[in-house]
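Chains A and H are the protein sequences, given in the same order. Residue numbers for the first sequence follow this note's numbering, so the first one is 1 and each next one is one higher. Residue numbers for the second sequence follow this note's numbering, so the first one is 1 and each next one is one higher.
Certain hints may be false.
[Stated by the list, open to error] Under the rule of at most 30 Å between Cα atoms (straight-line distance), these lysine-lysine pairs were calculated in the BS3-like manner: (1) H/24 / H/172; (2) A/29 / H/264; (3) H/32 / A/264; (4) H/61 / A/172; (5) H/77 / A/44; (6) A/374 / H/172; (7) A/341 / H/61; (8) A/24 / H/24; (9) A/29 / H/323; (10) A/172 / H/323; (11) A/323 / H/323; (12) H/121 / A/61.
None of these hints come from the bench; they were simulated from the model.
There are 2 protein chains.
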Amino acid sequence: MLGNFSYCNPTKLYFGDQALDGLKTELPKYGKNVVLIYGGGSIKRNGIYDAVVQTLGEQGKRVAEIAGVMPNPTVDKLYEGVEIARKHQADLLLAVGGGSVCDYAKAVSVSVNCGEDPWEKYYVRFEEPDCETLPVGCVLTMVGTGSEMNAGAVITNPHTKQKIGHVFRDEKIMPRFAILNPRYTLTVPRDQMVAGIYDIFNHICEQYFSGEDDNISDYLSEGLMRAVVQAGRAANRDPQDYEARSNLMWAATWALNTLLSRGKSTDWMVHMLGQAVGAYTDATHGMTLAAVSLPYYRHILPYGVKQFKRFAVNVWGVDPAGKTDEQTAREGLDALEGWMKELGLVMNISQLGATPDMLEGIAARTIIQTGGYKTLDREEILEILKESLA
Amino acid sequence: MLGNFSYCNPTKLYFGDQALDGLKTELPKYGKNVVLIYGGGSIKRNGIYDAVVQTLGEQGKRVAEIAGVMPNPTVDKLYEGVEIARKHQADLLLAVGGGSVCDYAKAVSVSVNCGEDPWEKYYVRFEEPDCETLPVGCVLTMVGTGSEMNAGAVITNPHTKQKIGHVFRDEKIMPRFAILNPRYTLTVPRDQMVAGIYDIFNHICEQYFSGEDDNISDYLSEGLMRAVVQAGRAANRDPQDYEARSNLMWAATWALNTLLSRGKSTDWMVHMLGQAVGAYTDATHGMTLAAVSLPYYRHILPYGVKQFKRFAVNVWGVDPAGKTDEQTAREGLDALEGWMKELGLVMNISQLGATPDMLEGIAARTIIQTGGYKTLDREEILEILKESLA
Chain A
1 MLGNFSYCNP TKLYFGDQAL DGLKTELPKY GKNVVLIYGG GSIKRNGIYD
51 AVVQTLGEQG KRVAEIAGVM PNPTVDKLYE GVEIARKHQA DLLLAVGGGS
101 VCDYAKAVSV SVNCGEDPWE KYYVRFEEPD CETLPVGCVL TMVGTGSEMN
151 AGAVITNPHT KQKIGHVFRD EKIMPRFAIL NPRYTLTVPR DQMVAGIYDI
201 FNHICEQYFS GEDDNISDYL SEGLMRAVVQ AGRAANRDPQ DYEARSNLMW
251 AATWALNTLL SRGKSTDWMV HMLGQAVGAY TDATHGMTLA AVSLPYYRHI
301 LPYGVKQFKR FAVNVWGVDP AGKTDEQTAR EGLDALEGWM KELGLVMNIS
351 QLGATPDMLE GIAARTIIQT GGYKTLDREE ILEILKESLA
Chain H
1 MLGNFSYCNP TKLYFGDQAL DGLKTELPKY GKNVVLIYGG GSIKRNGIYD
51 AVVQTLGEQG KRVAEIAGVM PNPTVDKLYE GVEIARKHQA DLLLAVGGGS
101 VCDYAKAVSV SVNCGEDPWE KYYVRFEEPD CETLPVGCVL TMVGTGSEMN
151 AGAVITNPHT KQKIGHVFRD EKIMPRFAIL NPRYTLTVPR DQMVAGIYDI
201 FNHICEQYFS GEDDNISDYL SEGLMRAVVQ AGRAANRDPQ DYEARSNLMW
251 AATWALNTLL SRGKSTDWMV HMLGQAVGAY TDATHGMTLA AVSLPYYRHI
301 LPYGVKQFKR FAVNVWGVDP AGKTDEQTAR EGLDALEGWM KELGLVMNIS
351 QLGATPDMLE GIAARTIIQT GGYKTLDREE ILEILKESLA
């Protein structure tokens, strides 16, 4: 049953191959001092950097830069960015990149005026900001995380080997605007593209495999999953397929902008396992999810047969005639596995650099969620990680 | 292919049986003078009026009232409300009712500071407001129109026999907040409940039966339609089924809050036909849509066979094996017809008070849309209306 909830997503989205025009509409709403935030420099090679900097110049903005934001942004990088934003007296943080860069900008936003260590406040004690936050805008260049329309920010602490996400409550922490030009995603390497595709799909799964409510979210999720399966196949056949890439971009936004989770329980255990693997291996987020998903889902399936059967029938078209519910349910996961292999996803954590001696540590650092069909204990987590090795 | 578009829906929604608590959070954001807007007085019988007035009192608001907003709000009622809002120097317009009351509040919002006749400006010339508009809040008591999270406002001019909707462009005209308590809808008479259910379903159809893009919207629409079919059946079996009524309420919001139409073409011809019938008969909106839908869809089916086939297979589970595409497509509409009859919808315009002598006038006042699979001419409109008589 749909419970009590509130919903508000005020992010203004500009979508399409002309989306950058939206930046000209948005920039005048903010003060002069902009901090431009980006990653490894691919945006300098493909012309996006130049286009953004030109627009900022035309609008008379004073620009400082935080460059080199890594795929798993670290807490040290966060401290560095906070200093730059403070010195520049930033009026707007403009993230140009994928989910990591956008997450990072949100983490800087809540930290600039925070009177204490933001890691301790937001990622250890999980508190909400009680200081003024800075507005964030986003020019998205990679698809998957949905960071462009939510208030989540994942930060990694390499000292403690922890990769932790905080989904902030206040919608003011969501990007005020996001520029979604599917063309910007065409130059992303194929393995990052497919990792992003699986990230989208898994975001939907995390919200779908919880409860047995038959509510609006289940139906929307099934529609979105079918769309991602179809568009993922098309993009994998031809990564230059603008239509497929634009459908993936739009699906990613809706997979994780809080709509699907309204009024229902959610799981997020695949993300907890994947993030723990990521903290040890620095592997690409979507690949860590892919590598642990099937051992996890096959483990919990007996506790949520009804929903896994529904998934098999409504998403993958499995015919349930003459089968037990569990057989039908398992065929759904087999179909998922087939699609994942078709995309060329990494299907085990060994290939991501995890070794047997790491497993105890990864298991110990895996945050245990309680929303799924079975709350795991540490032994089960270790078992799933062992199964994920090969 | 998803085209260029922008998306921004800042309405804050409070959902669930405790949703009215949200009013306490929202009211302090606005000034002292509130105009309370409602319809025929059912909210006085079921206690909603008292609960809202009590909350307004606790917050120290000065309240004026616009009562008696009719199911098809007239332009004369609009002029009356504008006077009341002006005299009261309204800081907030609080609509308590269904889509008509919420539409009406938005029409007052854009008219209070409008220097000329709002009917001429907004409903004849279709201009956007260039004056200050008033914030609107909404406590929803009837489900269907989606007015709680969009910028649309339908007004009827009985003098010219026109019922016209204007979807304003600026998201500021959307309600700032909406209180969605499914319990408030339990006392709605059965015929109004089912009319609302068909209104939801048809909103999705109007956006689905246009183009052949296979984009995210198609998949989301199919998910939502399946959800509405299921929840509609459950609510029809037992109108007191809170779960079914809450799913319908949430589906209605998403069926018409601009998400489904992003980046794609839309039709809206069923609404144009239904509204023209409504202007002559003053019949319930959802019933007018039901009464003209099947003659219209059967007429245009040959021009959009691919999408009607998809609708048959993905929404109604029609098996296409051994059938022509057109046969499969027609079976989908037969399935829709079966569901509509199950709900007890009015399936012809005679029952709504339309007579053969009205048809020429209705046809002449039907606004012709160009987004569907076939742009109708006046003769085809007349033909469809004739078929809708029986």
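Here's how the hints hold up against the structure:
1. Among the hinted pairs, residue 24 of chain H with residue 172 of chain H is consistent with the structure: their alpha-carbon atoms are about 21 Å apart, no more than 30 Å.
2. A hinted pair counts as satisfied when its Cα atoms are at most 30 Å apart, and residue 29 of chain A with residue 264 of chain H qualifies at roughly 29 Å.
3. For a cut-off of 30 Å, the pair hint linking residue 32 of chain H to residue 264 of chain A is broken: about 36 Å separates their Cα positions.
4. At most 30 Å may separate the alpha-carbon atoms for a hinted pair to count; residue 61 of chain H and residue 172 of chain A meet this at roughly 27 Å.
5. Proposed proximity of residue 77 of chain H and residue 44 of chain A is contradicted: the alpha carbons are some 59 Å apart, above 30 Å.
6. At roughly 44 Å between alpha-carbon atoms, residue 374 of chain A and residue 172 of chain H are farther apart than 30 Å, so this suggested pair is violated.
7. At most 30 Å may separate the alpha-carbon atoms for a hinted pair to count; residue 341 of chain A and residue 61 of chain H exceed this at roughly 62 Å.
8. Restraint check: the Cα-Cα separation between residue 24 of chain A and residue 24 of chain H comes to about 37 Å, which exceeds 30 Å; the hinted pair is violated.
9. Restraint check: the Cα-Cα separation between residue 29 of chain A and residue 323 of chain H comes to about 57 Å, which exceeds 30 Å; the hinted pair is violated.
10. Note on residue 172 of chain A and residue 323 of chain H: the hinted pairing is violated, with a Cα-Cα distance of about 53 Å set against a maximum of 30 Å.
11. Among the hinted pairs, residue 323 of chain A with residue 323 of chain H is consistent with the structure: their alpha-carbon atoms are about 27 Å apart, no more than 30 Å.
12. Distance hint between residue 121 of chain H and residue 61 of chain A is unfulfilled; the C-alpha atoms sit about 39 Å from each other, more than 30 Å.
Violated hints for the displayed structure, listed by number in ascending order: 3, 5, 6, 7, 8, 9, 10, 12.
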